[in-house]
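A.B. asks: Add 14 to a position in the sequence shown, counting from 1, and you land on the number used in this note's numbering.
It is worth saying that the hints were derived from the structure and are not from the lab.
Careful, some of the hints might be misleading.
Claimed, not checked - Pair by pair, the computed Cβ-Cβ distance ranges are:
| no. | residue 1 | residue 2 | range |
| --- | --- | --- | --- |
| 1 | 342 | 130 | 19 to 27 angstroms |
| 2 | 114 | 199 | 50 to 58 angstroms |
| 3 | 171 | 95 | 26 to 34 angstroms |
| 4 | 416 | 172 | 31 to 39 angstroms |
| 5 | 41 | 141 | 40 to 48 angstroms |
| 6 | 127 | 354 | 22 to 30 angstroms |
Cβ coordinates follow ideal geometry from the N, Cα and C atoms, glycine included.
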Amino acid sequence: MIGSAPASPAAPFLNVLDPAFDFGSPEAAAAREHSWYAESPIGLLVLRYEEAHELLRDQRLKPNSEKYLEMNGISDGPIYNWFVPMIGNQNGDEHRRIRGLVNKAFTPRMINDLRGFIRVQAENLAAEMARTGVCDFVEDFANKLPLAVMCQMLGIPPADYETFRTWSTDIGLVFSLASGTDTATRVENAVIGLTEYSEFLIQNKKAHPTDDLISALVAAHEADGGVSMAEIRNLLVTLVFAAHDTTRHQLSNAMVTFSEHPAQWTLLGERPELTAQAVEEVIRWRPAATTLFRFAREDFDYRDLRIAQDTFLLVCAAPAQRDPRAYQDAGTFDITVTRDTPALQFGGGPHYCLGAALARAELGEALPVLARRLGPPSIAGPYSSRGPVGICGPETLPLSFG
């Protein structure tokens, strides 16, 4: 662990590298009740809501950096060249400049304009599942909906979906580099594939511009050079994975949650006006982004802990969003409740997730369609999951519907 905070005999220890570890477990809840932080094999875990909320906005911390890659044995190559200059890892003026290039694609008006498209896609996918009665939800719905929406935004032909689906899935493993021996290889292959595909898209849009984000970025480059071609490629790789990977896991996490709470599913089908609360509750209860990474810029004191420069902190949205200090009846999943405390999984401050509104729109259109057309979901067999650190959720999810 780089620059680790000194271990405290009073701090719990959670082995988040164990594939079976679950932030929703009694073990994690007990650690949160014992202390606001815990030790782990890879960094300091922030477990409670108030501290997590504060530290996500603390300017003494910075988001992911090259140090995260170095911790995992990566100091150059395709992953390094993509990850280090990625928009989420920039700060200050550079972060504002790059974010400004894509902000207009995520305005409330643009997201609202996409809702009709999202709804039609959700209806079509749900109709096929209703016809068969069983499905692998990841394959048949959670993968397909975010991909279709992302392609619509970027101006990517639907025929190309399958070209990059595996890449956009595997690249999200960058936040789980410590979890497996082949993880870095899968991420590297995905970065290479998506970078080459992004270059193809850029050249295509240069020759045949349309009304989409890629064409707009290319036009900005050609107009005044305010964005380089390397930056456009990096943005496209990042947007493809971010728009697909996080949302597909959140959709699948929602179905796991509703399989555990079938009465809530029935209620949503009967009362679609509960959709907004349902979206926030599934994000709170089982977030796709279980942890958000930060590094200490400097030595500093926080509460009862001395945090050394370069300490790796994992701000744990999953346990913090079940913190009884922040939420009434925090241990109860209830879509009828309007909660005033916002979720943490989208981050905070200047690095608040650019696509948060889009993710909520996709969930907000998909969940009521599914609940109206299909009975309560039941898990129909064993399934595999990615987790527990980074972007987490089912990789396969066999479901039947009552």
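A.B. asks: Does the structure break any of the earlier hints, and which numbers would those be?
C.D. replies: Hint check: 1, 2 fail, others pass.
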